[in-house]
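> Those sequence lines, one after another, are chains V and D.
So in my numbering, spot 46 of the first sequence is number 46, and the numbers just go up one at a time.
So in my numbering, spot 205 of the second sequence is number 284, and the numbers just go up one at a time.
I should point out that these hints are in silico values taken from the structure, not numbers from a laboratory.
Among the hints, erroneous ones may be present.
Sample of chain V residues at the chain D side, in silico, Cβ under 8 Å [stated by the list, open to error]:
{"hint": "1", "residue": "35"}
{"hint": "2", "residue": "38"}
{"hint": "3", "residue": "47"}
{"hint": "4", "residue": "48"}
{"hint": "5", "residue": "53"}
{"hint": "6", "residue": "56"}
Distance condition first, Cα-Cα at most 20 Å in a straight line; then the derived DMTMM-like pairs of lysine to aspartate or glutamate [stated by the list, open to error]:
{"hint": "7", "chain 1": "D", "residue 1": "161", "chain 2": "V", "residue 2": "5"}
{"hint": "8", "chain 1": "D", "residue 1": "153", "chain 2": "V", "residue 2": "55"}
{"hint": "9", "chain 1": "D", "residue 1": "148", "chain 2": "D", "residue 2": "133"}
{"hint": "10", "chain 1": "D", "residue 1": "161", "chain 2": "V", "residue 2": "45"}
Ideal Cβ placement from N, Cα and C applies to all residues, glycine included.
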Amino acid sequence: MMAAEKLKQAFVKSLAVPESVITDSLEYNSIKEWDSTAHMILIAELEDVFDVMLDTDDIIDMSSYAKAKEILRKYDIDC
Amino acid sequence: MIEINLTDKHVLITGASRGIGAACAKSFAAAGAILYLNGRDSDKLNALCAELSEEYGVNCHALPFDVSKADDVKQGFQQLFKLTKKLDVLVNNAGILDDALVGMVTPQQVENTFATNTHSVIYCSQYAARLMQRSGGGSIVNVASIIGRVGNVGQAVYGGSKAAVIGITLSLSKELAATNVRVNAVAPGFIDTDMTKQLTPEKYQERVNSIAMGRVGTASNVADTVLFLASDLSVYVTGQVIGVDGGMLI
Numbered sequence: 001m002m003a004a005e006k007l008k009q010a011f012v013k014s015l016a017v018p019e020s021v022i023t024d025s026l027e028y029n030s031i032k033e034w035d036s037t038a039h040m041i042l043i044a045e046l047e048d049v050f051d052v053m054l055d056t057d058d059i060i061d062m063s064s065y066a067k068a069k070e071i072l073r074k075y076d077i078d079c
Numbered sequence: 080m081i082e083i084n085l086t087d088k089h090v091l092i093t094g095a096s097r098g099i100g101a102a103c104a105k106s107f108a109a110a111g112a113i114l115y116l117n118g119r120d121s122d123k124l125n126a127l128c129a130e131l132s133e134e135y136g137v138n139c140h141a142l143p144f145d146v147s148k149a150d151d152v153k154q155g156f157q158q159l160f161k162l163t164k165k166l167d168v169l170v171n172n173a174g175i176l177d178d179a180l181v182g183m184v185t186p187q188q189v190e191n192t193f194a195t196n197t198h199s200v201i202y203c204s205q206y207a208a209r210l211m212q213r214s215g216g217g218s219i220v221n222v223a224s225i226i227g228r229v230g231n232v233g234q235a236v237y238g239g240s241k242a243a244v245i246g247i248t249l250s251l252s253k254e255l256a257a258t259n260v261r262v263n264a265v266a267p268g269f270i271d272t273d274m275t276k277q278l279t280p281e282k283y284q285e286r287v288n289s290i291a292m293g294r295v296g297t298a299s300n301v302a303d304t305v306l307f308l309a310s311d312l313s314v315y316v317t318g319q320v321i322g323v324d325g326g327m328l329i
């Protein structure tokens, strides 16, 4: 699976939302499913899927789906 | 006799080069754990690792970084992540003691003490909890102090930093329970370590006289309790602070 698809599926699984909800404009706390608890579940899923350990700063900065892509690029993961 | 077996368990101990940390390293090695020993002196850590590997046949890795600095902790855990994707136990033991009457406390003392004794517990726990959650749970054991529970003259800063460790323990235990990460603390009393040897002979005796069991504790007395909290013997124990003080009154 390509990185972009892995990222999308990680969001689908962690937030328990349909794939159609996952767009670049999706922001943290903009839907009830992406609250702080789901955010930490998402981080764990991303770390599992991409085999990285994210910095605390990056966890806090991951405020949207688009931002997640940008942050993962720092870890040489191009989504 | 119940034997604690931690074979294949990955254990990180901060402040492991001496005192209670080194005693914990020895106890966990005897239980067969895979060890990651943190401290600032890499020579000491390597020497301890070599000693434990030889004596107990365990895998031991020195992981030198400064727990009082968030960036150093981040790098330390990135290094740990490269070595293993797994962490079962974190012992937040690193600590310093720098006593002074309140009128003579400097801002530097406050900053250094809280950075090493308190901030480090948050920094290390936030990375450790994430690693533990990946593999279904774990145990965090914080080394607090009797001074953090009952206070003492000349120890406003140290006592404050250790009381905060107890507060962190209680909150984290609630926050992480759902992910099967247990968080507990030990509160050692008067323990025979380099830190307590800084006292004058008179003060030392005064402290001994305040212990119901009539003797100073050893670092291994504390390590045994830490080992219990790290093991499955305490699998339903979280949010507890266990005094290891021989019935000390201050």
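> Hint by hint, note whether the structure agrees.
Evaluation of the provided hints:
About 14 Å separates the beta-carbon of residue 35(V) from the nearest beta-carbon of chain D, more than 8 Å, and the hint is not met. Interface hint at residue 38(V): violated, since its Cβ lies 13 Å from the closest Cβ of chain D, which is beyond the 8 Å cut-off. Annotation: residue 47(V) was flagged as interfacial toward chain D, and the flag holds, the nearest CB pair being 7 Å apart, inside 8 Å. Contact between residue 48(V) and chain D, as hinted, is supported at the beta carbon level, the nearest pair being about 6 Å apart and thus within 8 Å.
About 4 Å separates the beta-carbon of residue 53(V) from the nearest beta-carbon of chain D, less than 8 Å, and the hint is met. Checking residue 56(V) against chain D: minimum C-beta separation of about 6 Å stays under 8 Å; hint holds. Only pairs whose Cα atoms come within 20 Å are accepted, and residue 161(D) paired with residue 5(V) is rejected, the gap being roughly 25 Å. With a CA separation close to 7 Å, the supplied pair residue 153(D) and residue 55(V) stays within the 20 Å bound.
A C-alpha spacing of about 32 Å is found between residue 148(D) and residue 133(D), which places the hinted pair above 20 Å, so the restraint is violated. At roughly 18 Å between alpha-carbon atoms, residue 161(D) and residue 45(V) fall within 20 Å of each other, so this suggested pair holds.
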